[in-house]
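*Asks:* For the protein sequence lines, the chains are F and S, in the order given.
Numbered according to the numbering used here, the first sequence spans residues 58 to 391.
Numbered according to the numbering used here, the second sequence spans residues 473 to 735.
Calculated directly from the structure, the hints in this document are not laboratory data.
It is possible that part of the hints are untrue.
[What the hints assert, rightly or not] Computed, partial: chain S to chain F, Cβ under 7 Å:
{"#": "1", "residue": "LEU479"}
{"#": "2", "residue": "ARG482"}
{"#": "3", "residue": "GLN486"}
{"#": "4", "residue": "VAL490"}
{"#": "5", "residue": "ASP569"}
{"#": "6", "residue": "ARG570"}
{"#": "7", "residue": "LEU572"}
{"#": "8", "residue": "ARG574"}
{"#": "9", "residue": "VAL576"}
{"#": "10", "residue": "SER731"}
{"#": "11", "residue": "SER732"}
[Unchecked claim] Derived lysine-lysine pairs resembling DSSO-like cross-links, with alpha carbons at most 27 Å apart:
{"#": "12", "chain 1": "F", "residue 1": "LYS138", "chain 2": "F", "residue 2": "LYS290"}
{"#": "13", "chain 1": "F", "residue 1": "LYS178", "chain 2": "F", "residue 2": "LYS258"}
{"#": "14", "chain 1": "S", "residue 1": "LYS474", "chain 2": "F", "residue 2": "LYS181"}
{"#": "15", "chain 1": "S", "residue 1": "LYS586", "chain 2": "F", "residue 2": "LYS155"}
{"#": "16", "chain 1": "S", "residue 1": "LYS474", "chain 2": "F", "residue 2": "LYS155"}
{"#": "17", "chain 1": "F", "residue 1": "LYS181", "chain 2": "F", "residue 2": "LYS258"}
{"#": "18", "chain 1": "S", "residue 1": "LYS489", "chain 2": "S", "residue 2": "LYS586"}
{"#": "19", "chain 1": "S", "residue 1": "LYS586", "chain 2": "F", "residue 2": "LYS178"}
{"#": "20", "chain 1": "F", "residue 1": "LYS214", "chain 2": "S", "residue 2": "LYS586"}
{"#": "21", "chain 1": "F", "residue 1": "LYS387", "chain 2": "F", "residue 2": "LYS351"}
{"#": "22", "chain 1": "F", "residue 1": "LYS387", "chain 2": "F", "residue 2": "LYS283"}
{"#": "23", "chain 1": "S", "residue 1": "LYS495", "chain 2": "F", "residue 2": "LYS214"}
{"#": "24", "chain 1": "S", "residue 1": "LYS495", "chain 2": "F", "residue 2": "LYS178"}
Cβ coordinates follow ideal geometry from the N, Cα and C atoms, glycine included.
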Amino acid sequence: MPPIIEVQDLTKEFRTFRRREGVLGALQNLFVREYLTVHAVDHVSFSIEPGEMVGYIGANGAGKSTTIKVLTGILSPTGGKVISNGFVPYRQRRHYTKHIGVVFGQRTQLWWDIAVIESFKLLKEIYEIPERDYRRRLDVFSELLNLKEYLHTPVRKLSLGERMRCDLAASLLHNPPLLFLDEPTIGLDVVAKERIREFLKEINRTEGTTVLLTTHDLSDIEELSKRILIIDKGRILFDGDLEQMKNRLAQYNQVKFFLKDRSQVPRLAQIETDGIVCQRVDDLTYLIRFDRAKHSSAGVIRQIVNTLEVRDLLVEEEPIEEIVKRIYLKGEVA
Amino acid sequence: MKRHWRLLARYFAQYAKVRLAYKADFIIAFFSSMAATVLGFGFVLVLFTKIPRLQDWSFDEVMFLYGFSLIPLGFFNVVSWNLYDFSELYIIEGRFDRVLLRPVSTLYQVVFEKFRLESLQEVVTGILVVGYCVRRMHLELGAMDFLWFAVTVICGAGIYLAVFLILTAVSFWFEDRVGIVPPVFNMLNFGRYPLTIYNVFIQFLLSWIIPFGFATFYPTTHFLGRTAFTLYFHLVPVVAAGFTLLAVVVWNRGVANYSSTGT
Numbered sequence: 058m059p060p061i062i063e064v065q066d067l068t069k070e071f072r073t074f075r076r077r078e079g080v081l082g083a084l085q086n087l088f089v090r091e092y093l094t095v096h097a098v099d100h101v102s103f104s105i106e107p108g109e110m111v112g113y114i115g116a117n118g119a120g121k122s123t124t125i126k127v128l129t130g131i132l133s134p135t136g137g138k139v140i141s142n143g144f145v146p147y148r149q150r151r152h153y154t155k156h157i158g159v160v161f162g163q164r165t166q167l168w169w170d171i172a173v174i175e176s177f178k179l180l181k182e183i184y185e186i187p188e189r190d191y192r193r194r195l196d197v198f199s200e201l202l203n204l205k206e207y208l209h210t211p212v213r214k215l216s217l218g219e220r221m222r223c224d225l226a227a228s229l230l231h232n233p234p235l236l237f238l239d240e241p242t243i244g245l246d247v248v249a250k251e252r253i254r255e256f257l258k259e260i261n262r263t264e265g266t267t268v269l270l271t272t273h274d275l276s277d278i279e280e281l282s283k284r285i286l287i288i289d290k291g292r293i294l295f296d297g298d299l300e301q302m303k304n305r306l307a308q309y310n311q312v313k314f315f316l317k318d319r320s321q322v323p324r325l326a327q328i329e330t331d332g333i334v335c336q337r338v339d340d341l342t343y344l345i346r347f348d349r350a351k352h353s354s355a356g357v358i359r360q361i362v363n364t365l366e367v368r369d370l371l372v373e374e375e376p377i378e379e380i381v382k383r384i385y386l387k388g389e390v391a
Numbered sequence: 473m474k475r476h477w478r479l480l481a482r483y484f485a486q487y488a489k490v491r492l493a494y495k496a497d498f499i500i501a502f503f504s505s506m507a508a509t510v511l512g513f514g515f516v517l518v519l520f521t522k523i524p525r526l527q528d529w530s531f532d533e534v535m536f537l538y539g540f541s542l543i544p545l546g547f548f549n550v551v552s553w554n555l556y557d558f559s560e561l562y563i564i565e566g567r568f569d570r571v572l573l574r575p576v577s578t579l580y581q582v583v584f585e586k587f588r589l590e591s592l593q594e595v596v597t598g599i600l601v602v603g604y605c606v607r608r609m610h611l612e613l614g615a616m617d618f619l620w621f622a623v624t625v626i627c628g629a630g631i632y633l634a635v636f637l638i639l640t641a642v643s644f645w646f647e648d649r650v651g652i653v654p655p656v657f658n659m660l661n662f663g664r665y666p667l668t669i670y671n672v673f674i675q676f677l678l679s680w681i682i683p684f685g686f687a688t689f690y691p692t693t694h695f696l697g698r699t700a701f702t703l704y705f706h707l708v709p710v711v712a713a714g715f716t717l718l719a720v721v722v723w724n725r726g727v728a729n730y731s732s733t734g735t
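Make a model of the complete structure from these sequences and hints.
*Replies:* In structure tokens form, the structure reads like this:
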């Protein structure tokens, strides 16, 4: 099957001008403007297969939202080629939008003052959804997302989590093969996040919906997508399997251990050799981070149990947040 | 096309429901709209207690013109609400992104998403005043005249909407608020009196630059039997179509600019 989204050398430049300060500056701004060109997205290429769920991450201002805006037809690119579900989004916007669902975590797509169900009915007209399909999907979504209690509440009275669930349902009423989510879990509590992730998995499994989501919460990615795209300063730094990224880029492993009692504490110094450092977590809990290239987990564990009396011991991979943080800071994949 | 009418009916019903849910708010809005209308007529009344005629325009004729102007203006007011704070709500706050994500024309969504319901009052008042003036002046109106009446009302509303759409579309290029709307709105009120009372410059301005004269004055000259303006009267649909087309072109250019700059 051909890819559902194909992005080639996508470039988006913005021209902004430097605003001068003060009254005099404001006057000057009217006549003389110093322009700056910002490369929000810089020769980005990737493709996505039908049915994939891809996590798109990057620091603030890295170019995530710009990419999503081009892919959804809101922005037209400065250069490059985008074909999504057979359309060129920014050229065939009105036709194209019938085939995509979009959710922006930061703002709702629903009508603020009217009941959720009324917003849905308007969307039914806008997308020309046949009555039977509409009913069926509304039932399924109400069930999966637990919407029933507040279908008749105006959107402005909903909590963030409730609103997000309604927005998700709204974006899928016309059964689009493609779903774009821009920070869908921003500001949500753990339970609400979990529910939304479960829902997305279910829709992906049953309808085969292709999902591209941006997020700052890496647990979203770990739960939902196998594949991860990392963008920084407008360039793709990494595109590939999440596990593969961990294997390739994780530099540290960590062992967390719980001492039997305080009498063990003075002996900690004995294992601190050759780049191994003990970090105190609390009274009896300590953590050792070690370079995977220099030490093996087995070696470190042996050293710990041989030297200390420990009650319990855990080996962990370097958290994905740490790996990503390092990539952001360095601006490249080492 | 049929779908768009259905959608319009839904949008309108939805909006009316929300509006009427806040009864006090709606009642206040209704009465202030009514008060503004009454004040407008009051001005004409006071004017004619001081002078017998306005140039060669009688009280009844001026009332007819002023009443007629309320009809297209009322329709325009009903749908233009979103244009007033378009740059703030849609561009700066970013609602326009949502508009772009829907498979319906952007213009349609912006114009028909909010209605100033109370302005329907102006339409009704206008029709009543025009009817009253027709009886007082014993004007003979045939079937064709009624047809022309409907056509010119639609054209008038179209001209008002086109002018303000063009002004609104400016915010696609300049995100800073541009203070050109209030003066143009004042010009609109100039067009509700006989154009001949103004100097040549204003007559020209209101005919060919900002064609408010074609929305109100020229149509009424036909019903009042003033044949001096027959040519202008027949140009009403042409001017309306031309300006509507221009507005659509400017709007679409604006949308394209928005898409390339994202401002």
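*Asks:* All hints, please: hold or fail.
*Replies:* Going down the list of hints, with the structure as the test:
1. LEU479: 5 Å, holds
2. ARG482: 5 Å, holds
3. GLN486: 6 Å, holds
4. VAL490: 5 Å, holds
5. ASP569: 5 Å, holds
6. ARG570: 5 Å, holds
7. LEU572: 5 Å, holds
8. ARG574: Status holds, d = 6 Å.
9. VAL576: Result: holds, 6 Å to nearest chain F Cβ.
10. SER731: Hint on S:SER731: holds, closest Cβ of chain F at ~5 Å, below 7 Å.
11. SER732: 5 Å, holds
12. F:LYS138 to F:LYS290: Since the Cα atoms of F:LYS138 and F:LYS290 sit roughly 19 Å apart, the hinted pair holds (cutoff 27 Å).
13. F:LYS178 to F:LYS258: 26 Å, holds
14. S:LYS474 to F:LYS181: It holds: about 15 Å lies between the C-alpha atoms, which stays within 27 Å.
15. S:LYS586 to F:LYS155: Within the cut-off at roughly 23 Å; holds.
16. S:LYS474 to F:LYS155: With a Cα-Cα distance of about 18 Å, the restraint between S:LYS474 and F:LYS155 holds, given a limit of 27 Å.
17. F:LYS181 to F:LYS258: At roughly 24 Å apart (the allowed maximum being 27 Å), F:LYS258 and F:LYS181 satisfy the hint.
18. S:LYS489 to S:LYS586: 12 Å, holds
19. S:LYS586 to F:LYS178: 17 Å, holds
20. F:LYS214 to S:LYS586: 20 Å, holds
21. F:LYS387 to F:LYS351: 22 Å, holds
22. F:LYS387 to F:LYS283: 24 Å, holds
23. S:LYS495 to F:LYS214: 19 Å, holds
24. S:LYS495 to F:LYS178: This hinted pair holds, its Cα atoms lying about 24 Å apart.
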